[in-house]
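For the sequence shown, the residue numbers in the numbering used here are 1012 to 1173.
Just so you know, the hints here were simulated from the structure itself, not pulled from any lab data.
Remember, predicted model here, so these are calculated numbers, not experimental data.
Some hints here could point you the wrong way.
[As the list claims (entries may be wrong)] DSS-like cross-link-like pairs, simulated, lysine-lysine; straight-line CA separation at most 25 Å:
hint, residue 1, residue 2
1, Lys-1151, Lys-1135
2, Lys-1050, Lys-1076
3, Lys-1024, Lys-1135
[Claimed, not checked] Here are the in silico distance ranges between beta carbons for each label pair:
hint, residue 1, residue 2, range
4, Gln-1041, Asp-1158, 33 to 43 Å
5, Gln-1067, Lys-1134, 15 to 25 Å
6, Pro-1039, Thr-1080, 16 to 26 Å
7, Ala-1057, Gly-1138, 28 to 38 Å
8, Val-1124, Leu-1171, 31 to 41 Å
9, Thr-1016, Gln-1059, 15 to 25 Å
10, Pro-1039, Ser-1141, 46 to 56 Å
All C-beta atoms, glycine included, are put in the ideal place defined by N, C-alpha and C.
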Amino acid sequence: MGLFTFIKEAGEKLFGGSPAQAASAAAPTQAELNARAGKAIETYIATQNLGVSGLQVAFEGPEGKVTVTGTAPTQAAKEKVTLCCGNVASVTSVDNQMTVANPEPEAQYHDVVRGDTLSAIAKKFYGDASKYPVIFEANKPMLSHPDKIYPGQKLRIPPLPR
């Protein structure tokens, strides 16, 4: 699947600011901050109910890199895990090393820019703006509404069902 890049400042705020700002009076080490961030991302993935087993997330704070391992039930679930990790503030790249129980063709990806709509993205990738529900469904549960996308967000663009 490869290494995916993301915009560091965009995404879910899971760390209460940047991991470096999460220091308490005891001044935790970078390793402790990385472990906390990894656990926060694991918890976020678990709340998405993607059916992943053996999930492990490692976060490297200074680089903003997430490495994720485990087994996903489908290619779509594996790709959604990549997006869960990458669409988190302070994450700049995701190395998804997960295996897939039932391999399928990989999706394409789109980085949302200002002015994008799911309809416009569907027109670009499928040639038909009315196919936007395919993109919306492919990005649930991270997307709660078709109109709630934001610049810097990365979306899955699956192949159209045949």
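Earlier hints that do not hold, by number:
The structure conflicts with hints 3, 5, 8, although it agrees with all the remaining ones.
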